[in-house]
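S.K.: Heads up: the sequence lines are chains G and V, in that order. Terminal number for the first sequence in the numbering used here: 1482, no gaps in between. Terminal number for the second sequence in the numbering used here: 1482, no gaps in between.
Take the hints with a grain of salt, since some may be wrong.
Copies of the same chain are indistinguishable here, so a pair counts whether it falls within one copy or spans any two.
[Stated by the list, open to error] Cut-off 25 angstroms, straight-line C-alpha distance, at most; resulting in silico cross-link-like pairs (DSS-like, lysine-lysine):
#, residue 1, residue 2
1, Lys1390, Lys1371
2, Lys1249, Lys1227
3, Lys1244, Lys1230
4, Lys1191, Lys1282
5, Lys1191, Lys1227
6, Lys1244, Lys1191
7, Lys1371, Lys1327
The set of hints was computed from the structure by calculation and includes no laboratory data.
Protein chains: 2
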Amino acid sequence: MAVSKCNRLNGALIKELLDSVESVLFDCDGVIWRGDQAIAGAPEVINSLKKNGKRVFFVTNNSTKTRKMYADKLAKMGFNATEDEVFGTAYCSAMYLKSVSKLKGKVYLIGSNAMKEELLNVGIEEVGTGPDPITGVQIDWANVPLDPEVKAVVVGFDEHFSYMKLNRALQYLSNPECLLIGTNTDTQLPLEGGKAVPGTGCLLKAVETAAQRKAQVVGKPNHFMFDCVANQYGLDPAETLMVGDRLDTDILLGSNCGLKTLLTLTGVSTLADAKDHQLSGCPDRLGMVPDYFVETIAELLPALQG
Amino acid sequence: MAVSKCNRLNGALIKELLDSVESVLFDCDGVIWRGDQAIAGAPEVINSLKKNGKRVFFVTNNSTKTRKMYADKLAKMGFNATEDEVFGTAYCSAMYLKSVSKLKGKVYLIGSNAMKEELLNVGIEEVGTGPDPITGVQIDWANVPLDPEVKAVVVGFDEHFSYMKLNRALQYLSNPECLLIGTNTDTQLPLEGGKAVPGTGCLLKAVETAAQRKAQVVGKPNHFMFDCVANQYGLDPAETLMVGDRLDTDILLGSNCGLKTLLTLTGVSTLADAKDHQLSGCPDRLGMVPDYFVETIAELLPALQG
């Protein structure tokens, strides 16, 4: 098994792989764009896949945008895409709370306005977005007023994260029936030029440490991210390709769900990382070895236009 | 060994134990006070120990007060104590940076004004205290101006903890030569009535997760907390008793340093916790089994006044 994995995808193999699938799932950051810059050739790849009759979906752990905001960003960069094809964790977390948790109540949200909007779209009210500065002393913090209708704490990316938000999460979570949901565990958001800023994983770890509880994480590599697409569009895992730049989220999701997997080297993980997993002899790490890799998804283009 | 541990300290055993030591180290919160309320009888115990010729020290992981502030709090509650007897992590972290790290440069401080003051007392400048609200967008955060003289990030308790502070810590720590020091890893600060607020351990975990590095932790159970007292006062571990309410910090420190250990049940850990460690058969957990336990340190009083 292991020897047939982690192959350079080129020549006739490209067409062979694409012919074998009917749907392609793309991660976004580090795969089709970096920050506000499209990866060269990426729009042409997506648009050609569609012209060739493939279904294309965008599956991202980033929780800062609604489906609508993603569709606008995609359109502006020249991608032929609709919001129904976007599965970000703002949307998927709302779907998870509604369909899996079957939440009856409000959410205390450490997160963005985009998450608030996606929650409201499925009929879930939230409290908590925006700045929450500290006032008073310890005993005031412990007795901060709580909304009795809150039945879940949800942690996504929140640039207004503060000690007071952490404290409010702890006070809600001291009720063992209050759920703890995280959008994703990515520790850093990589930017152009090798820089990075702290990711949602840091905020979630702070909340988990305060409450001494593990969160249910919605994002990749959780199966739910694929289920969300598969249930709505009737995807067959065996005929689906997952394309991503992270072994621990994108490729592991693909392996967890029985998809074909393709690593692209324009983002976080390196070929050396993939080979390390492959040679580790550790069964837990084999799920992070992709079937194939490319330097950039632009390499798919000739086969699509041929 | 294990069977002679975790004994109820009462009757003649109390005098026997006290006669066998010449110094007693007390944790503060949950041992001699809770919040702003002294444990009943605690001042009398401390004062009587001193009258009986014992040396007494206060060894706490709490980083929110200077030695002077602790001395004032102790005096106000009726404890006969001087600031030289107080070893909190604000003071000890400053000592650690000076004597162990031999820091030549400034500190980026996630912490209190008390920590700032203790750093200045040993001649170390800091930047970072006070609120640090978010402005701009991701690329601005990644390029936030850094002080080139900063050579260490120090994380203590900081009620102004924010995403921007987390981000600044990450940017400093992206230089692998920048040190990462934490005052302590306590996950919660327990208050009266079973309530709690998030402790320094949560903030430190967020920074460690962002930077993908483990901090050097100064506080208990690190040996350094005892060394700090022992070096200044020439303590003999075999003639020193550590009294605390937490198995994973106070009692483990005592075990790590060869001290006698006494658990008091007025704080975080329970007798069941101690017995669980004792019966676990796990060598790693035996260090968290105290030699003795009492319901409250007030139980020492008759032996001291007899």
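S.K.: Flag every earlier hint the structure violates by its number, smallest first.
M.R.: The structure conflicts with hints 4, 6, although it agrees with all the remaining ones.
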